[in-house]
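Participant: Taken in sequence, the protein lines are chains U and D.
So that you can map any letter, position 263 of the first sequence is 263 in my numbering, and since no number is skipped, the others follow by simple counting.
Numbers given in my numbering equal positions in the second sequence, counted from 1, plus 353.
Hints are computed from structural coordinates only; laboratory data are not their basis.
In this text, all values refer to a predicted model and were calculated from it rather than measured experimentally.
Every residue gets a Cβ at the ideal spot worked out from N, C-alpha and C, and that includes glycine.
Some chain D residues judged to face chain U by a derived CB distance under 10 Å, without partners named:
#1 Pro-444
#2 Ile-457
#3 Val-458
#4 Ser-463
#5 Gln-464
#6 Arg-576
#7 Pro-579
#8 Gln-620
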Amino acid sequence: MLPSGVFFRDFAAEAAYLRTGPQRLAMALFVLALVLLPALAGAYLVGVITLMFVTMIAVLGLQITVGMAGMINIGQSAFVGVGAFVSASLASKLGWPFWLTLPAAALAAGVSSLLFGLPALRIKGFYLALTTVAAQIIFPIGIARLPTAWFGGSSGLAVEPVSIFGHALLKQHELYYFNLAFVLLFTLLAFNLKRTRVGRALIAVRDNDIAASVLGVNIGYYKLIAFFVGAMFAGVAGALLGYVVSYVTTDHFTLWLSIWYISMLIVGGMGSPLGAIFGTVVITALQESLHALGNAAAARFGSDFGAFIFPATNSVLGVLIIAILVFQPHGLLTGWNTLKAAYRIWPYRHHGG
Amino acid sequence: MNSFLQALASGTLTGLLYGLIALSFVVIYRAARIVNLAQGEVLMVGAFSIWMMTLAAGLPALLGSGLALLVAALIGLVIERLVFRPLIGRPTTTIVLASVALIIVLRGASQMVFGPEARPFPQVLPAGAFKLGPLHLNLALTIGAVLTLIVTEALHRFFMNTTAGLRLSAVAEDHMTALSMGISVRRSAAIAWALGALLSALAAAIYLSGAALDVSVAGIGLRALPVALLGGMESVRGATLAGVLVGVGESLAATYLDRHTSGTMSQVFPFLVMIALMLIRPQGLFGWKVIERV
Chain U
1 MLPSGVFFRD FAAEAAYLRT GPQRLAMALF VLALVLLPAL AGAYLVGVIT
51 LMFVTMIAVL GLQITVGMAG MINIGQSAFV GVGAFVSASL ASKLGWPFWL
101 TLPAAALAAG VSSLLFGLPA LRIKGFYLAL TTVAAQIIFP IGIARLPTAW
151 FGGSSGLAVE PVSIFGHALL KQHELYYFNL AFVLLFTLLA FNLKRTRVGR
201 ALIAVRDNDI AASVLGVNIG YYKLIAFFVG AMFAGVAGAL LGYVVSYVTT
251 DHFTLWLSIW YISMLIVGGM GSPLGAIFGT VVITALQESL HALGNAAAAR
301 FGSDFGAFIF PATNSVLGVL IIAILVFQPH GLLTGWNTLK AAYRIWPYRH
351 HGG
Chain D
354 MNSFLQALAS GTLTGLLYGL IALSFVVIYR AARIVNLAQG EVLMVGAFSI
404 WMMTLAAGLP ALLGSGLALL VAALIGLVIE RLVFRPLIGR PTTTIVLASV
454 ALIIVLRGAS QMVFGPEARP FPQVLPAGAF KLGPLHLNLA LTIGAVLTLI
504 VTEALHRFFM NTTAGLRLSA VAEDHMTALS MGISVRRSAA IAWALGALLS
554 ALAAAIYLSG AALDVSVAGI GLRALPVALL GGMESVRGAT LAGVLVGVGE
604 SLAATYLDRH TSGTMSQVFP FLVMIALMLI RPQGLFGWKV IERV
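Build out the structure end to end from the sequences listed, making use of the hints.
Facilitator: So this is what it looks like as structure tokens:
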């Protein structure tokens with residue numbers, strides 16, 4: 001779907017991500033709104049959005065593995081955990097600054113994902129999903145077992161705050177801007193990956209691996225790349241999470257969290273990084289508002305009611321996810337694309353023949 | 354020597370329990386081509402229905418559990434109808450993801466109804482241990498093991514020798530072909546789910562007899578998953594045999610390796626087997642060789 005009245009005459013025009021003036025303006029206003037947000041919103045909301053940014057980076061990575069390359073990964077939070085522990089360990093034990101710990105965390109998560117992506121060379125389909133479940137189960141046991149001097153064992157690690165030019169980021173809005181910078185960077189990376197040689201190869205492997213290999217795409221290599229890149233995003237998310245919550249333990253990185261990551265992707269739509277963003281925002285907003293509602297109700301009707309409302313929240317969201325799988329397999333993206341198309345060709349109802 | 358024999362015997366008994374849970378994976382996969390990652394949660398639901406029928410409704414343990422098996426089968430039918438029937442013909446990815454969402458729903462719903470606290474589980478099978486030569490064996494697990502062997506043989510014959518069973522196998526092989534032969538994919542999936550949920554509830558009765566019940570019991574589902582894969586997702590007898598192999602391996606690892614790895618090896622063992630299996634023989638020991646390969 002192209003903006004109406006815009007026709008590509010050359011490759012540069014086609015490759016430009018923002019194609020029209022109004023699009024540039026809308027994007028600039030959107031980023032401006034994100035920058036101004038801490039001045040307008042309360043501290044709690046800013047904290048929630050900061051954590052949402054971290055989640056978003058992990059889900060953007062998941063979109064590359066699952067959406068772009070078509071390999072189910074139910075162990076993303078284990079790779080987030082690897083990033084968190086590596087970064088926490090390097091920051092607190094060796095005193096590395098964040099611009100070294102982040103790449104190190106990304107690399108560590110990427111390399112560890114290769115171990116579990118290796119079976120992708122032999123198999124596909126749901127069998128592959130199961131090895132990522134194995135990653136999820138082996139990760140906490142492994143961390144607890146490794147020498148306490150490395151990762152703090154089962155009690156976890158405290159993380160030193162990020163410091164930029166000797167100034168430690170402790171305030172909520174400082175952390176917000178720090179994470180905003182990274183979420184913008186990784187959103188840009190995720191959107192642009194689709195248009196690179198690697199991105200096109202991944203999509204080709206997903207859609208028809210035999211045809212892709214006939215065209216000279218090395219399937220095994222690109223499958224591993226998909227795992228590696230997806231886990232690198234996870235590693236960065238883990239490092240950032242460590243800085244935000246300032247303490248990491250294996251209890252953060254459960255199968256349950258991975259399930260939520262993949263649910264966000266389902267709700268948003270797997271076809272595009274935009275789906276990852278939509279899904280993260282929608283699920284976080286729903287979770288937060290349902291929890292706020294639950295807390296208010298619990299304050300009014302007693303704590304028994306509170307114990308009822310939290311699992312009820314999960315049930316509602318779970319049913320929502322199944323409904324989306326059944327009725328709207330491409331997630332919220334479908335609705336968004338329909339809306340966008342309708343807006344662009346207005347006042348006409350459809351493109352001419 | 355004695356500790357070796359003891360590890361072997363108790364490993365076999367736990368392994369047969371794993372085998373029974375793996376069977377519930379296999380039955381659903383074999384008859385409907387659905388990989389249900391929420392099998393542990395289905396087991397948990399079965400366990401809660403046993404609790405409802407016995408301790409809450411006051412029926413005697415065996416009668417109540419028998420009724421609860423039927424309730425579990427009914428719940429299986431409901432899950433199939435609401436979640437998986439609309440997904441017939443969709444890609445495997447979608448079906449796996451639906452089962453992941455089912456994990457969220459079932460956990461949430463059980464906590465909603467039963468709360469987070471642990472509750473006692475009825476003594477369905479007799480408690481205690483008995484001595485067999487130099488070995489001490491858990492009585493409930495032994496009865497469970499015998500039941501597992503009977504169920505395995507019965508299911509094997511059902512799938513291999515009866516018309517209904519062969520229909521299910523045809524569906525497992527290819528939905529389209531089965532449909533064009535006049536076999537109802539929907540009915541097969543429904544039968545599969547009823548059977549799978551029933552087997553899970555039976556496994557719950559053996560696993561939890563006299564123990565405590567809360568939402569965390571669902572974790573055993575994923576521990577049994579490597580067993581189902583090792584046996585081959587389509588093989589009934591394979592699941593039981595693989596259960597014994599994994600159970601014995603785990604028990605030997607607990608006896609001999611845990612000392613050196615501070616209790617890690619027996620927990621990780623099934624999953625290491627699984628990853629190795631994926632690399633060497635993805636279809637498992639007795640699975641059909643139609644697995645999607647690269």
